[in-house]
Amino acid sequence: EWLTTSLFVENHECVGALAINLKTGETAYFRSKAVIVATGGCGRVFERTTNSHQSTGDGISMAYRAGAQVCDMEFVQFHPTTLVGTNILISEAARGEGGLLMNAENERFMQNYAPSAKELAPRDIVVRSIQTEIEKGRGIGGGEFVWLDLRSLGSMKLVEKLPQVYKLAKDFASVDASQDCIPVQPAQHYTMGGIRTNNSCDSSIKGLFACGECACVSVHGANRLGGNSLAETLVFGKIAGERALEYIRKKGTPGIEREAVEKEDKRIDHLFRNGDESAPEIRKELQNIMWERAGIFRNESDSREALKAVKILKKRYSNAGVMDSSRIFNTELMQAIELGFLLDNAELITQGALTRRESRGSHFRTDFPQRDDKNWLTHTIIAFKNGKPHVTCEPVRITLFKPEARKY
Numbered sequence: 016e017w018l019t020t021s022l023f024v025e026n027h028e029c030v031g032a033l034a035i036n037l038k039t040g041e042t043a044y045f046r047s048k049a050v051i052v053a054t055g056g057c058g059r060v061f062e063r064t065t066n067s068h069q070s071t072g073d074g075i076s077m078a079y080r081a082g083a084q085v086c087d088m089e090f091v092q093f094h095p096t097t098l099v100g101t102n103i104l105i106s107e108a109a110r111g112e113g114g115l116l117m118n119a120e121n122e123r124f125m126q127n128y129a130p131s132a133k134e135l136a137p138r139d140i141v142v143r144s145i146q147t148e149i150e151k152g153r154g155i156g157g158g159e160f161v162w163l164d165l166r167s168l169g170s171m172k173l174v175e176k177l178p179q180v181y182k183l184a185k186d187f188a189s190v191d192a193s194q195d196c197i198p199v200q201p202a203q204h205y206t207m208g209g210i211r212t213n214n215s216c217d218s219s220i221k222g223l224f225a226c227g228e229c230a231c232v233s234v235h236g237a238n239r240l241g242g243n244s245l246a247e248t249l250v251f252g253k254i255a256g257e258r259a260l261e262y263i264r265k266k267g268t269p270g271i272e273r274e275a276v277e278k279e280d281k282r283i284d285h286l287f288r289n290g291d292e293s294a295p296e297i298r299k300e301l302q303n304i305m306w307e308r309a310g311i312f313r314n315e316s317d318s319r320e321a322l323k324a325v326k327i328l329k330k331r332y333s334n335a336g337v338m339d340s341s342r343i344f345n346t347e348l349m350q351a352i353e354l355g356f357l358l359d360n361a362e363l364i365t366q367g368a369l370t371r372r373e374s375r376g377s378h379f380r381t382d383f384p385q386r387d388d389k390n391w392l393t394h395t396i397i398a399f400k401n402g403k404p405h406v407t408c409e410p411v412r413i414t415l416f417k418p419e420a421r422k423y
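The numbering used here numbers the first residue of the sequence shown as 16 and each following residue consecutively.
Do not rely on the hints blindly, as some may be mistaken.
[Said to hold, decoys possible] Below are the BS3-like pairs computed for lysine-lysine, each with C-alpha atoms no more than 30 Å apart in a straight line:
1) Lys151 x Lys329
2) Lys221 x Lys281
3) Lys400 x Lys221
4) Lys400 x Lys389
5) Lys299 x Lys330
6) Lys299 x Lys38
7) Lys403 x Lys221
8) Lys299 x Lys266
9) Lys329 x Lys278
10) Lys299 x Lys221
11) Lys281 x Lys38
12) Lys299 x Lys326
13) Lys133 x Lys329
14) Lys389 x Lys330
15) Lys221 x Lys48
16) Lys299 x Lys278
17) Lys221 x Lys278
18) Lys403 x Lys281
19) Lys299 x Lys48
20) Lys182 x Lys172
[What the hints assert, rightly or not] Quick list of simulated restraints, FRET-style, between CB atoms:
21) Glu320 x Asn289: 27 to 33 Å
22) Lys330 x Ser167: 51 to 57 Å
23) Asn289 x Glu122: 33 to 39 Å
24) Arg123 x Lys281: 56 to 62 Å
25) Glu409 x Glu257: 41 to 47 Å
26) Lys326 x Thr101: 28 to 34 Å
27) Gly256 x Phe416: 27 to 33 Å
The set of hints was computed from the structure by calculation and includes no laboratory data.
In this text the structure is predicted, and so the values were computed from the model without any measurement.
Using N, Cα and C, we set each Cβ at its ideal position, and we do this for glycine too.
Generate the whole structure from the sequences, applying the supplied hints.
Have a look at this one:
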């Protein structure tokens with residue numbers, strides 16, 4: 016078990032990484048002619064997510080700190096139906112087989128938002144519809160969820176067509192979906208933005224390649240389609256490996272400045288002091304702020320408030336420490352390091368959301384509810400310069416198909 020904490024760059028070339036051996040607690044640096052980052056997304060930035068506990072945006076943060084450009088971080092996908100209290104994803108297949116979304120008034124509300132597609136509308140539309148029902152007080156019991164009604168399918172069809180959904184509802188919510196409705200609510204699901212790459216997985220730093228959810232080659236645009244991330248990992252995972260191999264054939268063995276390694280060692284050692292701040296508390300506050308102010312619905316005021324709060328939490332993080340002094344399998348230390356990654360990702364998301372003054376795909380601003388191709392058919396590029404994020408925008412390259420308005 017290793018936890019990578021930083022990437023090393025010399026003369027704008029990535030020359031290796033530093034990692035902690037969790038079994039022994041010792042740090043080690045690895046010289047490398049090339050580095051491939053494939054660390055996944057940053058779902059744990061949010062209070063509710065379908066992502067694993069390891070989805071803390073490590074690779075995105077490390078690449079950003081090393082000077083690589085990140086792209087379109089404001090595009091965060093939320094899934095409409097997760098099991099209340101668990102964040103376990105309830106597949107779209109449930110709605111595909113005839114499942115209905117119902118509010119507290121026993122109304123099939125999707126017909127009010129997508130008259131044609133109804134429950135089969137794209138994820139972002141269904142998510143916003145559910146969240147609107149909740150915010151208008153039509154959540155179940157005035158609460159934070161709605162019903163997914165599969166009762167019309169009957170027990171035989173449920174077991175045949177949706178065995179996993181049926182079992183999940185029974186095991187984790189004590190609900191027999193053939194007899195009762197399943198309580199569902201939206202949660203963060205996927206990160207469309209990430210380390211900016213080209214079609215060959217090159218980042219803006221030589222020798223640093225990225226693929227999968229941590230990368231933004233932009234095959235998903237502003238709104239990933241279900242299943243496409245699997246294709247992305249298979250295709251670009253292969254490309255990244257081949258491209259890195261091609262790159263290292265032309266390179267000699269790099270060196271790493273000892274000063275850079277010592278600086279990173281000191282940063283990690285710094286966490287072992289008895290700090291005034293609690294990393295778990297900071298993490299909890301961060302996740303709450305991001306859900307409330309940078310989640311499904313966004314606006315200028317909330318984005319500014321979220322960005323300001325993240326910066327304050329970053330300052331508090333510099334005074335955080337871990338209580339467990341052991342170096343061996345110190346999960347508290349691991350989570351404290353991951354918090355640093357989460358804070359970077361949160362800043363990138365909120366900065367991107369504040370910059371993009373329109374609504375597009377998964378990014379919805381109530382103060383700019385329409386898509387604006389004239390001004391914002393662009394990529395949001397952020398780089399770490401002079402200790403803070405520097406934002407620029409670049410036009411989206413359009414080839415065969417021009418974007419059109421969606422109607423559901």
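A quick look at each hint next to the structure:
Taking the CA atoms of Lys151 and Lys329, the gap is near 34 Å; set against the 30 Å cutoff, the hint is violated. Of the supplied pair hints, the one linking Lys221 and Lys281 holds, its CA atoms being roughly 27 Å apart against a limit of 30 Å. Restraint check for Lys400 and Lys221: the C-alpha separation of about 18 Å stays at or below 30 Å, so the hint holds. Between Lys400 and Lys389 the alpha-carbon distance is near 29 Å, which keeps this suggested pair within the 30 Å criterion.
The hinted pair formed by Lys299 and Lys330 meets the criterion: a straight-line CA distance of about 15 Å does not exceed 30 Å. Distance hint between Lys299 and Lys38 is fulfilled; the C-alpha atoms sit about 27 Å from each other, no more than 30 Å. Of the supplied pair hints, the one linking Lys403 and Lys221 holds, its CA atoms being roughly 22 Å apart against a limit of 30 Å. Our distance criterion of 30 Å between C-alpha atoms is broken by Lys299 and Lys266, whose separation comes to about 44 Å.
With a CA separation close to 19 Å, the supplied pair Lys329 and Lys278 stays within the 30 Å bound. As the CA atoms of Lys299 and Lys221 are separated by approximately 36 Å, the hinted pair breaks the 30 Å bound. Taking the CA atoms of Lys281 and Lys38, the gap is near 20 Å; set against the 30 Å cutoff, the hint holds. At roughly 15 Å between alpha-carbon atoms, Lys299 and Lys326 fall within 30 Å of each other, so this suggested pair holds.
This hinted pair does not check out: Lys133 and Lys329 have alpha carbons roughly 42 Å apart, beyond 30 Å. For a cut-off of 30 Å, the pair hint linking Lys389 to Lys330 is broken: about 38 Å separates their Cα positions. Annotation: proposed proximity of Lys221 to Lys48 holds, straight-line Cα distance about 10 Å (limit 30 Å). At most 30 Å may separate the alpha-carbon atoms for a hinted pair to count; Lys299 and Lys278 meet this at roughly 28 Å.
With a C-alpha separation of about 22 Å, the suggested pairing of Lys221 with Lys278 holds against the 30 Å cut-off. Pair hint Lys403 plus Lys281 holds up; C-alpha atoms about 21 Å apart against a cutoff of 30 Å. For a cut-off of 30 Å, the pair hint linking Lys299 to Lys48 is broken: about 38 Å separates their Cα positions. This hinted pair checks out: Lys182 and Lys172 have alpha carbons roughly 13 Å apart, not beyond 30 Å.
At roughly 31 Å, the beta carbons of Glu320 and Asn289 sit within the given window of 27 to 33 Å. A C-beta distance of roughly 54 Å is found between Lys330 and Ser167, which places it inside the suggested range of 51 to 57 Å. Taking the beta carbon of each, Asn289 and Glu122 are about 55 Å apart, not inside 33 to 39 Å as hinted. The hint said 56 to 62 Å for the Cβ distance between Arg123 and Lys281, and at roughly 59 Å that hint holds.
Checking the proposed 41 to 47 Å range against Glu409 and Glu257 shows it is violated: the Cβ atoms sit about 26 Å from each other. A hinted range of 28 to 34 Å for the beta carbons of Lys326 and Thr101 is consistent with their spacing of about 32 Å. A C-beta distance of roughly 30 Å is found between Gly256 and Phe416, which places it inside the suggested range of 27 to 33 Å.
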